[in-house]
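Trainee: So the chains spell out like this:
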Amino acid sequence: MKSFRKELWFNIPQRRGLINITPQVEECLAESGIMEGLCLVNSMNITASVFINDDERGLHQDFEEWLEWLAPHAPTEKYLHNRTMEDNADAHLKRTIMGREVVVAITKGKLDFGTWEQIFYFEFDGRRRKHVLVKIIGD
Amino acid sequence: MKSFRKELLFVIPEQHGLINITEQVQDALASSGIQEGLCLVNAMHITASVFINDDDKNLYLDFEEWLDRLAPNDPENPYHLSHTGELNADSHLKRSVIGREVIVAITDGKLDLGTWEQILYYEFDGRRKKNVLIKIIGE
Chain A
1 MKSFRKELWF
11 NIPQRRGLIN
21 ITPQVEECLA
31 ESGIMEGLCL
41 VNSMNITASV
51 FINDDERGLH
61 QDFEEWLEWL
71 APHAPTEKYL
81 HNRTMEDNAD
91 AHLKRTIMGR
101 EVVVAITKGK
111 LDFGTWEQIF
121 YFEFDGRRRK
131 HVLVKIIGD
Chain B
1 MKSFRKELLF
11 VIPEQHGLIN
21 ITEQVQDALA
31 SSGIQEGLCL
41 VNAMHITASV
51 FINDDDKNLY
61 LDFEEWLDRL
71 APNDPENPYH
81 LSHTGELNAD
91 SHLKRSVIGR
101 EVIVAITDGK
111 LDLGTWEQIL
121 YYEFDGRRKK
131 NVLIKIIGE
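Residue numbers (our numbering), protein chains in the order written: chain A, 1 to 139; chain B, 1 to 139.
Next comes chain A alone, as it looks inside the complex:
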């Protein structure tokens, strides 16, 4: 069984941001030489998500507004976590809704996706270096 590991690094210039990372994961897969297996892609920080959905701008705006409604950033003082000089309690909650990771099947050397599936990195507490892990196993 082969395995492959790579970290992807980001530094989003705003508090929140969404990036389509499918091409980067596809490159990892190509480099790995793995033809059949599983590919784990996860956020290595606890205030960001990796998830799969549609690459459509209106929907991305919907996600942003919906998450702000479910777990608003402000007022920061209402969160206990923020009493420790942090202001990112909402980021921990938002990422719990969107998820930490995806696992994608690898079939014939490709990500085994439905038509509209794309992998996204969703930053909820940006303006610093954050990373995503890609781990692929198989033959």
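Any given hint might turn out to be false.
[Unchecked claim] Residues from chain B that keep clear of chain A, each with C-beta distances beyond 12 Å, as calculated:
hint, residue
1, R5
2, H45
3, N53
[Claimed, not checked] Reference listing, derived: stretches of chain B covered by chain A, where coverage requires no fewer than 3 residues with Cβ under 8 Å from a Cβ of chain A:
hint, region
4, 35-44
5, 62-70
6, 94-102
The hints are simulated quantities; they were obtained by calculation from the structure and are not laboratory data.
This structure is a prediction, so every number in the text was calculated from the model and none was measured.
We put the beta carbon where it would ideally sit given N, CA and C, even for glycine.
Mind docking chain B on chain A? Use the hints.
Mentor: Chain B alone, transformed into the frame defined by chain A:
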């Protein structure tokens, strides 16, 4: 390392629906001949979920009401996605709460599930062909 792949196809006759797919996944596992490994089961569409929970009709109604509160489908208050003509923005959000996939351990040729764990397919935008992917790796 062995690998096995199968797609399940569904056409749910209403907008929403819940199907217990545990037996179909067990059948796939039996076909695979794999005794030890991991089994990924994921929705291949971005408006449906695969998750594990209790197979109980009342719990399904609870999920329906709760998800409608979390991500309402209200024509008076349209989502940004609706500018593309799609009216299923809430389906994308609901599926984000419930999740895309599960990974189940395979032990002694069986799905290593707790007593009440059942694998469920949750449709949020039905009335058309939708697929679920099963990918099993191991030995």
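Trainee: It remains to establish, for every hint, whether it holds in the given structure.
Mentor: Hints and how they fare:
1. R5: violated, 6 Å
2. H45: Given a closest Cβ separation of 5 Å, the condition is violated.
3. N53: holds, 16 Å
4. 35-44: Coverage by chain A holds here, the residue count being 5 at a Cβ distance below 8 Å.
5. 62-70: With 1 residues close enough to chain A, the hint is violated.
6. 94-102: With 6 residues in contact (Cβ-Cβ under 8 Å with chain A), the coverage given for the region 94-102 of chain B holds.
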